[in-house]
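Could you build the full structure based on these sequences and the hints that come with them?
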Amino acid sequence: MRARTLILGVCVLLLLLVPLLATWIGQTYYIDLVRRVMIFAIAAVSLNLILGYGGLVSFGHAAYLGVGGYSVGILAFYGIHNGWLQWGVAILASALVALAIGAISVRTRGIYFIMITLAFTQMLYYLGISVEEYGGDDGMRLKVKSQFSGLVDLADPVTFYYVVLVLLLSCMYFVHRLVGSRFGMVLRAAKSNEARSRAIGFSPYPYHLAAFVIAGAMCGLAGALLANHTAYIAPAFMDWTRSGEIMFMVILGGMATTPGPALGAFALLVVEDLLAGWTQHWQVILGPLLVLCVLFFKRGLAGLLPGSKDG
Amino acid sequence: MNWILLFEQALNGLQLGTTLFLMAAGLTLVFGIMNLVNLAHGSLYMIGAYLMVAAVQWTGSYPLSILLALLGTLAVGMLVEVIALRTLYERDHLDQVLATFGLILFFNELVAIIWGRTALFTALPPYLQGHIEIVPGSIFPLYRLVVIFVGLAVAAGLWYVVARTRLGMLVRAGASNRTMVAALGVNIRLLYTIVFGFGAALAGLAGLMAGPIYAVQPGMGELILIQVFVVIVIGGIGSIRGALVGALVVGMVDTMGRAFLKPLLGHFISPPAAEAAGPALASMLIYLLMAVVLALRPAGLFPAKSG
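Quick mapping for you: the protein sequence lines, in order, are chains G and P. Mapping to my numbering: the first sequence position 48 is 48, numbers consecutive. Mapping to my numbering: the second sequence position 294 is 294, numbers consecutive.
For the record, the hints were derived by calculation from the structure and aren't laboratory data. Worth double-checking, as some hints may not be accurate.
Stated by the list, open to error - Pairwise CB distance ranges (calculated):
| hint | chain 1 | residue 1 | chain 2 | residue 2 | range |
| --- | --- | --- | --- | --- | --- |
| 1 | G | K143 | P | G266 | 42 to 50 Å |
| 2 | G | I285 | P | V146 | 39 to 47 Å |
| 3 | G | G180 | P | P298 | 30 to 38 Å |
| 4 | G | A195 | P | Q57 | 54 to 62 Å |
Bear in mind that the values here come from a model prediction, so they are computed numbers and not experimental data. We put the beta carbon where it would ideally sit given N, CA and C, even for glycine.
Right, here's the structure in full:
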């Protein structure tokens with residue numbers, strides 16, 4: 001367990017040093033890359049709460065990236081640049097959308113749940129495309145980044161980097177504490193044996209739904225960050241391949257572990273970045289790589305860390 | 001209300017419905033029998049369409065190309081089953097979803113490498129071109145009628161094979177108890193490969209017929225795949241009857257929504273508002289329909305008997 005803590009501590013330290021190192025070697029591109037990775041890591045951490053601990057295979061998690069992103073974009077479109085308000089609305093709107101989708105889909109199980117979450121995300125995707133006012137298919141630019149009453153300036157890449165880092169670590173800590181709480185124990189119990197958890201008096205539905213809403217809200221925050229990161233909001237945020245990628249980050253990193261989703265996000269996006277720099281047809285390599293990972297690498301990256309438990 | 005327009009749109013809805021059915025039948029068979037969620041089913045549709053385009057360019061003969069494209073998709077389907085999917089039957093749905101997602105990325109990119117990213121269009125042979133007057137005052141493309149006819153014929157044929165032949169009996173038996181069928185001396189692995197190849201060929205048929213109607217391009221499979229998911233969720237996963245009903249309902253609702261929702265809304269809200277809300281609502285209609293069906297019948301309209 002101590003070796004594990006040490007390795008993870010070194011990882012956090014490295015993340016803290018990225019802006020320094022990148023400026024030192026004159027490659028500020030890496031600040032951008034790692035920031036983007038960390039934003040997706042937040043999305044993956046939120047999905048891990050329902051997928052890893054709750055056993056709800058949601059194939060529509062990109063929806064909340066879109067809802068969060070559009071919340072920021074639409075408020076900015078009407079000249080409201082207050083970041084507290086923008087991000088608050090992003091989180092609230094994502095939570096509400098998750099509540100609506102969850103209320104219907106959480107009642108179903110297995111393959112139905114996968115297809116329904118996918119279909120609802122697709123519905124939001126088409127909604128984004130068909131609303132011409134907000135750019136339709138082309139999306140819209142975010143001309144001014146979220147303003148935090150002069151407290152932090154997101155236009156400065158390094159400041160923004162540390163904001164994302166702090167949020168990522170907070171989200172990971174929050175999920176870690178949540179799954180250790182009574183709520184989290186019921187969630188995990190329902191995953192390992194639903195009939196027994198019912199028998200001792202816990203109906204899983206409200207717990208699943210609450211977890212679904214929390215995950216949606218957290219992913220909405222990631223969406224607000226992503227909109228600020230790319231300075232651009234488009235329906236492509238909600239593309240179903242996005243949902244697949246986030247899901248794959250969780251699996252690659254290791255389901256139901258605290259560091260797993262973040263590790264998975266790093267591994268997937270860095271490999272993508274490397275392959276894309278090498279050939280434009282990188283997906284033809286990434287695809288079979290995914291298949292091989294699923295077939296032979298079930299425990300994920302977190303499973304490689306010393307001191308990890310089985311299962 | 002313009003009755004001729006309504007009639008034409010109903011035929012368009014029927015045409016979309018039959019295409020959806022060809023896809024849904026294969027997907028629901030594979031799920032019902034092998035318990036496999038195959039996201040790459042859309043890729044087989046795309047492969048069917050591309051093979052058709054290539055075969056027409058190569059042979060110049062339309063009937064021969066259909067045969068080649070069907071056999072090609074069948075072969076690709078069986079190959080994928082033997083290489084990748086066979087090991088997934090025992091895994092959970094999450095693994096199946098991710099692995100077949102990887103296959104989609106692979107096939108989309110492979111197609112882009114071979115044929116490029118720009119959309120291709122196939123020319124129809126002269127005897128399938130032109131329009132036909134079904135009722136006075138209404139002309140309808142002959143090709144779309146052929147698609148409807150083929151789709152309905154396949155539906156009838158599929159019912160016959162599953163309900164009346166020995167192969168169909170094995171398929172139904174395999175769906176309800178795999179171990180028992182294997183114990184009775186049936187080669188279940190071979191049966192699975194055949195069923196998968198058969199589903200692939202149906203998807204290929206849908207794809208090769210869709211080629212001249214929609215654009216043939218990488219990613220075309222996923223556009224229809226998600227609609228097919230809606231179809232089988234509404235119909236009940238694993239049920240062919242459900243797939244047929246679901247496909248026709250979804251095809252009809254989607255087509256009618258796109259054609260009539262905007263003018264219909266114009267009666268209730270201001271025309272500019274209807275102009276904005278109409279298309280948005282029309283593209284969301286089938287998903288809303290799915291939500292309503294699920295709220296009332298969580299296992300779809302025709303739940304399959306086996307768990």
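A quick look at each hint next to the structure:
1. G:K143 x P:G266: 42 to 50 Å: Violated, since K143 (chain G) and G266 (chain P) (Cβ atoms, about 35 Å apart) do not stay within the stated range.
2. G:I285 x P:V146: 39 to 47 Å: Holds: the Cβ-Cβ distance is about 40 Å, inside 39 to 47 Å.
3. G:G180 x P:P298: 30 to 38 Å: holds (32 Å)
4. G:A195 x P:Q57: 54 to 62 Å: For Q57 (chain P) against A195 (chain G), whose Cβ atoms are near 58 Å apart, the range 54 to 62 Å holds.
Hint violations for this structure: number 1 only, all remaining hints satisfied.
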